[in-house]
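Student: These are the residues of each chain, in order.
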Amino acid sequence: MWRALERGFDAAFGAACNPLRHLGAIGFLAIWLLLASGVLLYAVYDTSVAGAWRSVTALETWPLASGRLLRGVHRYATDVLVVVIALHIVREWLHRHERGVRRFHWLTGVPTVAFAAISAVGGFWLAWDRLGQYSALASAEWLDAVPLLGAPFARNFLALDAVSDRLFSLFIFIHIGVSLLLLFGLWFHLQRLSRAAVMPPRSLALGVSLLLLVLALVAPVLSQPPAAALTEPVALDWFVLWLHPLTDASTRGVTWALVAGAMALLVLAPFLPQPARPAVAVVDPANCSGCERCFDDCPYAAITMVPHPQPRVGRLLAQVDPDLCVACGICAGACPSSTPFRGVETLVSGIDMPQLTVDALRRRLRQDVATSTAREPLVIFTCDHGASASAALSEDTSVLGLICAGQLPPSFIEYALRDGAAGVVVATCRDGGCEFRLGERWTAERLAGRREPRLRARMPRERLERVQAGPGDEAALAAAVARLRERVRTLSIPSN
Amino acid sequence: MSDTRPSTPHGLFSWLGQLVLYGLFALAIGVFSQWPPYHPLGAEQALIKLSVSHVGKPIGECRKLSQAELDKLPPNMRFPEQCPRERAPLTMRVELDGKSVLDRVVPPTGLSKDGASSIYERLAVPAGNHHLEVSLNDDVRPGAQTYTRSADVTLAPGQVLVVDFDANQGAIVLQ
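Read top to bottom, the protein sequences are chains A and B. Reminder that position 20 of the first sequence reads as 35 in my numbering, one-by-one numbering, no gaps. Reminder that position 133 of the second sequence reads as 134 in my numbering, one-by-one numbering, no gaps.
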């Protein structure tokens, strides 16, 4: 279902700018907007019982609706953040990214959910209108279900004259202090990732920002009447404050159990039974030149460069941290010693995947091309996480599955053609759809000659077909194979 | 090299699709950020909050130490009177229109049981006239006083009536 949703969004936004593939980055955009608008709002905010409501309401009188824009963007960015956090969790869970090495990212993300929720709820108290009062009191009553304090926290809100200016310092601490904790938590969350996206693609960033501005103008966020007796209904923000009505409708025990259960589930999810971890990348010092390409390309920062044991000044050796390696093979695709043109019986690369070595790939390629009876055999390199090539199978095709398309050294394409293949198809996942984050991007750049190791310029490009075919794109892969087949036939017809 | 992106959107369709999806998202955000309005209380309901946080009386009488007992103590600990540290639990009973709505005994907090006892309860009641009987006891010694308050109250819809105990006045207060 999620895949169908992503494909539907692809049709409108294109795979590269599909918001469902950039949920984390959109969340960061919302945080940047919250920070920027929050700094301005704090500058004009009066941290007192008497002044809080007045200072927030005064935003409505700012010229050119600038105050409304500021407050609206701040509020709606919060709602967007809540929505994208929820979707981000669902997506990562559906992709089973809570497992294995990525357990770290999952677990470090859990506290940030709590920080975001606390900070968001606390923001409503600062306005100190009827909604803020209701939320503060409801939150205090909810917290009092756990006997943390000697006296119930809710007693602070029993009467309006019981609320002191000092309480607003606590509100500020909760809203801003916990937001800073959120940023700190996100810093942890992004560790062990190289090239983490903290901004969505430009068009998406513009679209989301514009959406917030339009919302702020069309449906301005206005203060409700000042805090008083709860005699009127409140316009509740259901994205952030849903816990209050749920508690009113049930009991504090039920919602505590719900929240604690959800958090426990998030924490325990990575520890549920899961398949054995695949073998991680292995470095062969004799073949590692210390070129740092694998270090540059590893999406999970699992490779560090250390001094090479061979005594040459400045020479480095790649070192794989098995706790960080997701076994994607992108490093093997980046290694210059993975080239199949090397005249050795057994091809040993500087860095390789034990479960699918470049030597095994070369042997398989040689065998398939040599045993093919087709006049114009085609070689299809596919990704194990992308589209299945079953629909493209025929007598003239040979399919070589890779852990990730990024595992393919570009020289294998030229090698396949020299060995007798008439054409080569390289199937990657859609833009932003790589299981290992960067495989499809690096493959595209390598084949386009923009990244090492480059596909050589003299390689006949007309015999190469690159297709973005993620899971479910079998028809697209088959169509690409058919297109290449037709093209190589045309190329084979001698011109007069 | 031929490069195929199976779902690269084109022109009008892409713009329309994005417009619809952004619009739906904005609609969802705009609507559910303030609608439907929420009624914390029913239209014809009022709220009685029973909120007491009070340190009970010591569980026993203070006792004067004899000179012999004082002499056994280190010089810096020779207080002539010794009082029990532990406090009495708080017993609160509330009747609304003749019906018991709360009957609770709350022990003092703290490892030495010398902290405050707290009661916080919300009672949603129909708006209108009610008769309230509240009794509170914070002393387990013989002949101890029980604080009581009896009142006829008229609660408007949405009104919140707080029942508290003012230790300075030594009285149950309604506010």
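Simulated from the structure, these hints should not be mistaken for laboratory data. Glycine residues also receive a C-beta, built at the ideal position from the N, C-alpha and C atoms. Any given hint could be a false lead.
What the hints assert, rightly or not - Pulled a few chain A residues facing chain B out of the computed Cβ check, cut under 10 Å:
| # | residue |
| --- | --- |
| 1 | Val95 |
| 2 | Ala169 |
| 3 | Phe203 |
| 4 | Arg207 |
| 5 | Asp383 |
Student: Decide, hint by hint, whether the structure agrees.
Tutor: Here is what the structure says about each hint:
1. Taken as an interface hint, Val95 (chain A) checks out: its beta carbon lies about 7 Å from the nearest beta carbon of chain B, inside 10 Å.
2. With a cut of 10 Å, the hint placing Ala169 (chain A) at the interface with chain B holds, because the nearest CB-to-CB distance is about 6 Å.
3. For the restraint placing Phe203 (chain A) at the interface with chain B, the shortest Cβ-Cβ distance is roughly 28 Å, beyond the 10 Å limit, so the hint is violated.
4. Because the closest C-beta pair between Arg207 (chain A) and chain B is about 30 Å apart, greater than 10 Å, the hint is violated.
5. Interface hint at Asp383 (chain A): violated, since its Cβ lies 22 Å from the closest Cβ of chain B, which is beyond the 10 Å cut-off.
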